[in-house]
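Chemist: All chains should be modelled from the sequences, with the hints used to inform the complete structure.
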Amino acid sequence: MDFRITEDQEALRRGMRDLLTARFGPEDLREAAAPPGPQTPPHGLDRGLWRELGKAGLFALRLPEDEGGAGAGLPEAVLVFEEAGRALLPGPLVATHLAAGTVPDAADGSRVVTALDLPQEPGAGEGPPAAAGTAPGGLVEHLDGADDVLVLGPARVRVLPPAALDADPLSSVDPLTPLHRLRARPGTGLGEGGQWRPGARRLRREAALLTAALQLGSAGRTVELAVEHARSRRQFGRPIGSFQAVQHLCAGMLVRSETARSVVYAAAVSEDEAETAAAALRADEAAVRNARDCLQVFGGMGFTWEAEVHLHLKRAWLRAEQWMTAVTAEEELAHALQRDT
Amino acid sequence: MRLDRTPQQEEFRCTLRAWLTEALPTLPPKPAPSDWPARRAYDMHWQRMLYDAGYAGLHWPADAGGQGATPTQHLIFLEETERAGAPYVGAGFVGLLHAGPTIAAEGTPEQRRRWLPPILRGDEVWCQGFSEPDAGSDLASLRTRAVRDGDSYVVTGTKVWTSHAEVADWCELLVRTDPEAPRHAGLTWLALPMDAPGITVRPLRTLAGTAEFAEVFLDDVRVPVANRLGAENDGWRVTMVTLAYERGTAFAGEVVACRRVLHDLARAARRNGRWDDPVLRRRLGRLNGEFTALWRLVQWNVSHAEHAGRTGGSSVPGAGASVFKLAYSGARQELYDTAAEVLGPEGALDSCHEWTAARLSSLSYTIAAGTSQIQRNILAERVLGLPKGR
Ligand SMILES: Cc1cc2nc3c(=O)[nH]c(=O)nc-3n(C[C@H](O)[C@H](O)[C@H](O)COP(=O)(O)OP(=O)(O)OC[C@H]3O[C@@H](n4cnc5c(N)ncnc54)[C@H](O)[C@@H]3O)c2cc1C
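Keeping their order, the protein sequence lines are chains E and C. Residue numbering for the first sequence follows UniProt numbering, starting at 1 and increasing by one per position. Residue numbering for the second sequence follows UniProt numbering, starting at 1 and increasing by one per position.
Calculated from the structure, these hints are not laboratory results. C-beta atoms are modelled at their ideal positions from N, C-alpha and C, and glycine is treated no differently. A couple of the hints might just be wrong.
Listing some non-contacts, in silico: residues in chain E with all C-beta distances to chain C over 10 angstroms [as the list claims (entries may be wrong)]:
(1) Gly15
(2) Gly71
(3) Arg201
(4) Val227
(5) Arg231
(6) Arg238
(7) Gln247
The list that follows gives simulated cross-link-like pairs (lysine to any residue, SDA-like), each with its CA atoms no further than 20 angstroms apart [claimed, not checked]:
(8) Lys55/E with Arg17/E
(9) Lys55/E with Ala72/E
(10) Lys388/C with Leu249/E
(11) Lys388/C with Glu228/E
(12) Lys314/E with Ala32/E
(13) Lys388/C with Arg233/E
(14) Lys314/E with Leu45/E
(15) Lys388/C with Gln235/E
(16) Lys55/E with Ala11/E
(17) Lys388/C with Lys314/E
(18) Lys388/C with Gly252/E
(19) Lys388/C with Pro239/E
(20) Lys55/E with Glu31/E
(21) Lys388/C with Ser232/E
(22) Lys388/C with Glu65/E
(23) Lys388/C with His248/E
(24) Lys55/E with Glu65/E
(25) Lys388/C with Glu224/E
(26) Lys388/C with Ala245/E
(27) Lys30/C with Glu354/C
(28) Lys314/E with Gly299/E
(29) Lys388/C with Ala32/E
(30) Lys314/E with Lys55/E
(31) Lys388/C with Glu31/E
(32) Lys30/C with Phe12/C
(33) Lys55/E with Asp8/E
Modeler: Next comes the structure, spelled out in structure tokens:
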């Protein structure tokens, strides 16, 4: 056992951080999110950046080398996705990564692939029942900007053109993640048997894990932001970071991000279903609650559009509802207690 | 990032597992929880078995009589003994986890020879006399005085919350030798023989109804200068070595135990029908996620400690220890609060029920070994580098 990040993994992570610092730093993020207002048209994806990400291996990372990939595994993918989450990089990153190898030209960033999650219906058999009241995965991100849609049924997958989905735009809480809502749960309209292939369960688990990695990155970033701000902002003649109430908020944030980190990394190694649920649960909570506490540390400035904090919170809310939600994760983890001894 | 075991680690596990299968059935019956002399005898019997089998002081350096095992092997040991339902260190806690490692790190060859083997063999029990009525979190304000008189110190003062004081042979005692010096610079670490004249031990009843800790009154107690660890007035530094151990690996085995309790809770809830309550079920699922994460955090910390040890750095647990202690103590309390919900009122209000007793004792976890507030101070100032508070 050596759970530490290897030198190669660290180099990969560094590379992604350097690329993102140069191409999508905090200033770019703020610019992308401006100007505010509900009448603003949905932001298009930066195709140039998408291709650069493709060239850097964000999508192809896990493909075999003879298919243009790096032959890397989930741990490596988790590390680069953590960086993407830290930068709050917009776009259907997880879906495109999962589609690489299936959708031609997704791997090198030439095509943008989004996803539609149609998880198991209650009582459908295998696994714990989905909790009552969960929408049947009716939301799709970046539908207008995408070239393909990866559709995950309960057990099988297929690819559809965006136009095949009957969906209305939704005013998304996250200014950088446009959403569409399906008019109705698609049924037979999604095409016949032969176009579906197996593997939805695995893809869904990987999607949950990579989403957790994005959330982990955001959770770590908001700790940094809060600590930087607490060091420099002065009130009552001293830095607010010397007030114990502020210190303890920051310490709590660190505890959340570090416990989430260990289980997200571990789930990448173990590829275990229940551990992935644990990773999703801890990472969602770390991202959402850290963003909230960060906002508190920023005071009135945190409530402005200008500060980066609200973007972390809104993205965290959105990601928490994607793939594995808290209800699903908790039910999965509860059933795991009955399963193994 | 590797979580699999090396062939050596796997062999270590198999050998240990085989030994546990043979050894555990030979243990005498467990003593009553309130019978401390019997508990001491039981815990020391187990320690002796470990010693004879070559597992005593696993994580101690070899030149201190330990096995010089890697942190990972130690973790496997904790995991396997817990899985097999083996006894805890119990009364051996301070000797094996605090005083022993400190003596191993700071003691003279003579001191190591005198004190370490009896700890490993289960012959002598240690307690920790740090806290005082007016010095808890603010340990450096302690007032117990030690005045040099020839080749002895004469010690006067009061210690409190001293766990296992009633059954201990030795006490790692922190005293003030220079009242004029700045607070941290006038302290000294002494090994106090608990049978010395002038010592009065008065047991304190805990809220759980047991008497696991005590007040210790010291009235002109003579302690040989030869019992001093480190230099006079260097006790603070010596003590910090001990506390780092306490906050580091001390609770790793308990995480395994908590995960087993979670499975028991799920089974009990199935039996009594409360499993059908989705709120309770989700609470259990949530706890499963939390303890899964905590176990991985232990492995993460251990991997980093092992690397630091290998590359000549300190293998004393670092900042990760405070993150772990803070998260674990809260999770343990939530675990036994949830257990009460599984039991329902008829069980939750029965103070003899195993889970109710554990619920009561879990309340000390956010207080003992550095309160949660103190851990947050440490994280904020030493890990995050926030400016010092007032
Ligand atoms: C079960 C148990 C076993 C123990 N065993 C031993 C033992 O064997 N040997 C031994 O020496 N001691 C032992 N202790 C004592 C333990 O170390 C102290 O209780 C602990 O350090 C807290 O000190 P205190 O009780 O005086 O509380 P205080 O320090 O008075 O704290 C009271 C409250 O104030 C808060 N507080 C204090 N200072 C600060 C600060 N700077 N910032 C924010 N909040 C603060 C604390 O967090 C706490 O909530 C034991 C305690 C328990 C509960």
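Chemist: When you look at the beta carbon of Arg231/E, is every beta carbon of chain C farther off than 10 angstroms?
Modeler: violated, 7 angstroms
Chemist: If we take the beta carbon of Gly71/E, is the closest beta carbon in chain C still more than 10 angstroms away?
Modeler: holds, 16 angstroms
Chemist: Hinted pair, alpha-carbon criterion (20 angstroms max): Lys388/C, Ala245/E. Please report holds or violated.
Modeler: Distance of about 12 angstroms is within 20 angstroms: holds.
Chemist: What's the verdict on Lys314/E and Lys55/E, does the C-alpha distance respect the 20 angstroms limit or exceed it?
Modeler: Distance of about 29 angstroms is beyond 20 angstroms: violated.
Chemist: Are the Cα atoms of Lys314/E and Leu45/E separated by 20 angstroms or less?
Modeler: Roughly 18 angstroms between the alpha carbons, so the hint for Lys314/E and Leu45/E holds.
Chemist: Does Glu354/C sit within 20 angstroms of Lys30/C, going by the straight-line distance between their CA atoms?
Modeler: At roughly 14 angstroms apart (the allowed maximum being 20 angstroms), Glu354/C and Lys30/C satisfy the hint.
Chemist: Lys388/C and Ser232/E: Cα distance at most 20 angstroms?
Modeler: holds, 14 angstroms
Chemist: Does Arg238/E sit more than 10 angstroms from chain C, CB to CB?
Modeler: violated, 7 angstroms
Chemist: Next pair to validate is Lys55/E with Glu65/E; report whether the Cα-Cα distance is within 20 angstroms.
Modeler: Answer holds: Lys55/E to Glu65/E is near 14 angstroms, not above 20 angstroms.
Chemist: Take a quick look at whether Lys388/C and Glu31/E sit within 20 angstroms of each other, Cα to Cα.
Modeler: Outside the cut-off at roughly 36 angstroms; violated.
Chemist: Does Arg201/E sit more than 10 angstroms from chain C, CB to CB?
Modeler: holds, 19 angstroms
Chemist: So if I understand the rule, the pair passes when the alpha-carbon distance is 20 angstroms or less; does Lys388/C with His248/E pass?
Modeler: The given pair, whose Cα atoms are some 12 angstroms apart, holds under the 20 angstroms limit.
In summary, the numbered hints that this structure violates are 4, 5, 6, 7, 17, 20, 22, 29, 30, 31 and 32.
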